[in-house]
Amino acid sequence: MNRDTPISDSDENDPSLEPGESEMELALGRLSLRSPSPELDQRLAKLLSSSRPRERTRSVLFAAAASVAIALGTVPLILHHRWNSTERMLVQTPVVQPAPSRPARSPLRVERQFARVSDNGIVGTDHGVPLQLLHYIAVRQIWYFDPRTGKKLQVTVPEDEAFLVPIQTF
Amino acid sequence: MNEPTLESIYARHRKALLALALSVTGDVARAEDAVHDAFERLCRIGLARAEDVTAYVFAAVRHSAIDQTRRHRPGGEFTESSCSIFQEPACGPVHNVLSAERDRLLAESINALPREMREAVVLRAFAGLSFAQIARVVDAPLATIATRYRRALDRLRERLENLV
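So the sequence lines, in the order shown, correspond to chains W and B.
First residue of the first sequence: 1, per the numbering used here; consecutive thereafter.
First residue of the second sequence: 1, per the numbering used here; consecutive thereafter.
Hint data in this document are derived by calculation from the structure and do not stem from the laboratory.
Heads up, a few of these hints could be off.
Output of the computed footprint for chain B on chain W, the stretches with three or more beta carbons under 8 Å from beta carbons of chain B [to be verified]:
| # | segment |
| --- | --- |
| 1 | 26-34 |
| 2 | 40-47 |
Residues from chain W that face chain B, not an exhaustive set, calculated with beta carbons under 8 Å [stated by the list, open to error]:
| # | residue |
| --- | --- |
| 3 | Glu21 |
| 4 | Ser37 |
| 5 | Gln113 |
From chain B, some residues computed to sit far from chain W (all C-beta separations above 10 Å) [unchecked claim]:
| # | residue |
| --- | --- |
| 6 | Glu7 |
| 7 | Glu40 |
| 8 | Glu51 |
| 9 | Tyr56 |
| 10 | Ala125 |
| 11 | Val138 |
The C-beta atom is built at its ideal place from N, Cα and C for all residues, glycine as well.
This is chain B alone, in the form it adopts within the complex:
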């Protein structure tokens, strides 16, 4: 099986990569700069050292996003995402209004999650990474990642149940 390349990884995960960076920076421009900087660095050093290329690329983007945030808020703490990681909902037919509203609430709930939980949701539910891969990306134990993800899903479910 061929190893994924940077091009194929970007083509496959471009939205999730931006969402991960956005989860950290909370700012679209900085998130895009973080993705660009990460790929520029990866082009320079190559993927030879990567055991899991996909996880390696996601980790590079995350680190780049953290660097971006530190550069613009030196010494400051990470704040929760102030910018949605989701597309603006498009106006649809009337029978989809309820569903659209539910999706809007869900998106807001994800944006409101703590950064670590939001990262787990983005990487698991949208990037499709395994818990082991997510553990490599965020450099945390696998059990911690699974717990974060489950807690995030519980919070989202509770919030939706309260709102609907």
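The following block holds chain W by itself, in its conformation from the complex:
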């Protein structure tokens, strides 16, 4: 270690000394202070050298703690950002759905029909000509839809008709 280098101290706040006092300081400068014992030097050298790794460890731990703190501070922000983004996506979902390319402007009418014909056989004669009874049963379903108002209307129409058909004889 360096041994007690003289120090030139120039503090502007320090009051200046009288000439006699400066001479006294010079006289003091000739005196030599007692040196610490070699044992104290050794004890402190050991202490200071062992504290260096501790300081390094403290620095590493501080850096690690800072990183963790930054991570802990950043993750919620990222999650919050993503959560908000998801919410926006959910909100925007209807917007990004493709709109109908050609919206129907006039009312729609859809109709379907279920029908069957039953043969009830010869039920009589007309001037000697046999008559066959055919029974026609049908159900018609009709849907109306107005795209401007969004209103719907469903109508079901049953039909039941009987036909007598003369049968040609040979």
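Using the hints, position chain B against chain W.
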């Protein structure tokens, strides 16, 4: 500019640090223990809180020395230094005898100063601290420190003039 480290401060001020501790304890072994304890504590807590690192270290050593004294003299008052803070004068050539005698008298006079004045002399003349730094070390107003130092120099001059 790099902040001074504990190592650099000890290397630069080791004698003054011991002298300050010795000024308080009056005993070499306790003074050395005080310096060691202070540095051990400083190693543990670091220097991050220190505005002026050098003054902070000197203050730590002073507090440690005061603790040492209280531990060994609980409730007692601080006594004036019974052990010189200076090296024993070495035997020199004949033409230096007068000068050596003068230095011996000066050293004795400093040892005989009241502790607060002796602290001011050690910190100012030997450690080279500014009055502002000394004020931080001993936790006293700057003007008080300047007055103590001047009075100490006056006393030393008067004593030397009477003796020579």
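Practice item. Would you list, in rising numerical order, the hints stated earlier that this structure does not obey? Key: Structure breaks hints 5, 6, 7, 10.
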